[in-house]
Amino acid sequence: MTVKQIRKLLVVFLILAGLSLSFVSCATVPKEVVELSYQMGVDLSAVHKSYKLLIHDHFDSLRAERIRYLNNEWIPKYIKAWVVNGRLLDVAKGEVVWSQEKGDFIKPIPGKEGEGFLTTVNFWSVAAVKNIEKKRAELLDPLNKQEEQLLSWVDDEFDRLYRGNATITAHLNSLRKVQEVQDDALAALHLKDLRDKINNEILTSSDKADKALEAIKKADEFVQETKEKIPKKIEKK
Amino acid sequence: MTNDDTGGMGKLAGETKDEVDKELKDEETAVLKDTTVDLKSLRPQISDPEAFDKLIQAVKTATQRNESIAQLSKRIKDLGEGVVNVAKETAVLISK
Numbered sequence: 000m001t002v003k004q005i006r007k008l009l010v011v012f013l014i015l016a017g018l019s020l021s022f023v024s025c026a027t028v029p030k031e032v033v034e035l036s037y038q039m040g041v042d043l044s045a046v047h048k049s050y051k052l053l054i055h056d057h058f059d060s061l062r063a064e065r066i067r068y069l070n071n072e073w074i075p076k077y078i079k080a081w082v083v084n085g086r087l088l089d090v091a092k093g094e095v096v097w098s099q100e101k102g103d104f105i106k107p108i109p110g111k112e113g114e115g116f117l118t119t120v121n122f123w124s125v126a127a128v129k130n131i132e133k134k135r136a137e138l139l140d141p142l143n144k145q146e147e148q149l150l151s152w153v154d155d156e157f158d159r160l161y162r163g164n165a166t167i168t169a170h171l172n173s174l175r176k177v178q179e180v181q182d183d184a185l186a187a188l189h190l191k192d193l194r195d196k197i198n199n200e201i202l203t204s205s206d207k208a209d210k211a212l213e214a215i216k217k218a219d220e221f222v223q224e225t226k227e228k229i230p231k232k233i234e235k236k
Numbered sequence: 000m001t002n003d004d005t006g007g008m009g010k011l012a013g014e015t016k017d018e019v020d021k022e023l024k025d026e027e028t029a030v031l032k033d034t035t036v037d038l039k040s041l042r043p044q045i046s047d048p049e050a051f052d053k054l055i056q057a058v059k060t061a062t063q064r065n066e067s068i069a070q071l072s073k074r075i076k077d078l079g080e081g082v083v084n085v086a087k088e089t090a091v092l093i094s095k
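So the protein lines, in turn, are chains W and S. In case it helps, numbering that gives the first Met the number 0 puts the first sequence at residues 0 to 236. In case it helps, numbering that gives the first Met the number 0 puts the second sequence at residues 0 to 95.
Here chain W stands alone, though its shape is the one from the complex:
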């Protein structure tokens, strides 16, 4: 490679470097845009939390209304009916006890009245509590399931919003990164007008730049070798 060829190569590389350094998109991305996008992600989380609390509060008020009905209307009515059907007064008077064997009320066994009374009252109260709890579940379980379902939907949708926001923030940040890397070169070269044209070509230029780097390295080696050889030749002459 002659000095003339090296000069030519240098000119080509300088032009390529100058043009390549000038690419950035036309629009500017101020750092505040990235910050705003990030902040929206943070605020979104606060809105999400608030939204879930509102749902929970709403369902709490619905549950409270059903519990009010249970406590004030259903349970008193049930206890009243169960006292009659469960013959609690007769049991209390010592007239009957519940027989597990017969599955019915019987007259107390002489000498075992106290034991029969206690056993019967225990069975009576366990049966009452079981049915009250069953009724409570019938009233509240559907609401609990609906709340769970709604919260799950809301979580899913907010997760999508988080994902969308994070993607946008990352994109804005990448624009910002490109812009920051190239701002200095752009200002020095005054090549703003060329940015758009070069942007379209820039992706295909990446590989070319790699090859050019290789060529530069080779040229550098050649120059080094030549530099070493020339003094020797001069000496010989």
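Any given hint could be a false lead.
[What the hints assert, rightly or not] Label-pair restraints from in silico Cβ distances:
| id | chain 1 | residue 1 | chain 2 | residue 2 | range |
| --- | --- | --- | --- | --- | --- |
| 1 | W | K30 | S | L38 | 40 to 46 Å |
| 2 | W | Q38 | S | E66 | 21 to 27 Å |
| 3 | W | E179 | S | K39 | 46 to 52 Å |
| 4 | W | K92 | S | K39 | 52 to 58 Å |
| 5 | S | K32 | W | R135 | 16 to 22 Å |
| 6 | W | E147 | S | E66 | 39 to 45 Å |
| 7 | S | P43 | W | P75 | 38 to 44 Å |
| 8 | W | R162 | S | D37 | 23 to 29 Å |
| 9 | S | K32 | W | K106 | 44 to 50 Å |
| 10 | W | Y37 | S | D37 | 34 to 40 Å |
| 11 | S | E18 | W | R162 | 52 to 58 Å |
[Unchecked claim] Subject to a maximum C-alpha distance of 30 Å in a straight line, what follows is the list of computed BS3-like cross-link-like pairs (lysine-lysine):
| id | chain 1 | residue 1 | chain 2 | residue 2 |
| --- | --- | --- | --- | --- |
| 12 | W | K210 | W | K176 |
| 13 | S | K59 | W | K176 |
| 14 | S | K10 | W | K134 |
| 15 | S | K59 | W | K207 |
| 16 | W | K226 | W | K210 |
| 17 | S | K10 | W | K101 |
| 18 | S | K24 | W | K134 |
For the record, the hints were derived by calculation from the structure and aren't laboratory data. Since the model is a prediction, treat every value here as computed from it, not as a measurement. Even glycine gets a Cβ: it sits at the ideal position worked out from N, Cα and C.
For this one, chain W is given, so just place chain S on it according to the hints.
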């Protein structure tokens, strides 16, 4: 003989429950009506998930493109430094 913890009174207690339910049917229906949730109307109505995912993917691709550009910028900077070095060496050669 029954082995449950109501000693067999459960059936009778259950029948009593049914009886009370029947008695309070109208009141209960009114309470349930007032406390019913229309889940469909409360469900967040956001854009089509499939279209959303496609948009996300498109933006991610564009982001990767920008990352490539940023990487290329660094390469070009390295290239520029290489050119300057060669130019310096060449200038030395030419001046000899």
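Against the structure, the hints:
The given range of 40 to 46 Å is respected by W/K30 and S/L38, whose C-beta atoms sit roughly 43 Å from each other. In this structure the supplied range 21 to 27 Å holds for W/Q38 paired with S/E66, their Cβ-Cβ distance being about 23 Å. Checked against the hint of 46 to 52 Å, the C-beta distance between W/E179 and S/K39 comes to roughly 48 Å, which is consistent with it. Evaluation of the 52 to 58 Å hint for W/K92 and S/K39 yields a pass: the beta carbon distance comes to about 56 Å.
Restraint check, S/K32 to W/R135: a C-beta distance of roughly 19 Å satisfies the suggested window 16 to 22 Å. Between W/E147 and S/E66 the beta carbon distance is about 41 Å. The supplied range of 39 to 45 Å therefore holds. Checking the proposed 38 to 44 Å range against S/P43 and W/P75 shows it holds: the Cβ atoms sit about 41 Å from each other. The hinted window of 23 to 29 Å between W/R162 and S/D37 holds, with their beta carbons roughly 28 Å apart.
Under the hint 44 to 50 Å, the C-beta atoms of S/K32 and W/K106, about 48 Å apart, fit the expected range. Range check, W/Y37 to S/D37: Cβ separation about 36 Å, and the 34 to 40 Å hint holds. At roughly 54 Å, the beta carbons of S/E18 and W/R162 sit within the given window of 52 to 58 Å. Among the hinted pairs, W/K210 with W/K176 is consistent with the structure: their alpha-carbon atoms are about 24 Å apart, no more than 30 Å.
Restraint check: the Cα-Cα separation between S/K59 and W/K176 comes to about 15 Å, which is no more than 30 Å; the hinted pair holds. For a cut-off of 30 Å, the pair hint linking S/K10 to W/K134 stands: about 15 Å separates their Cα positions. Using a Cα cut-off of 30 Å, the hinted pair S/K59 and W/K207 holds, with the two alpha carbons roughly 25 Å apart. For the hint linking W/K226 to W/K210, the alpha-carbon distance of about 24 Å falls within 30 Å, and the restraint holds.
Simply put, S/K10 and W/K101 have alpha-carbon atoms about 13 Å apart, close enough for the 30 Å limit, and the pair holds. The hinted pair formed by S/K24 and W/K134 meets the criterion: a straight-line CA distance of about 13 Å does not exceed 30 Å.
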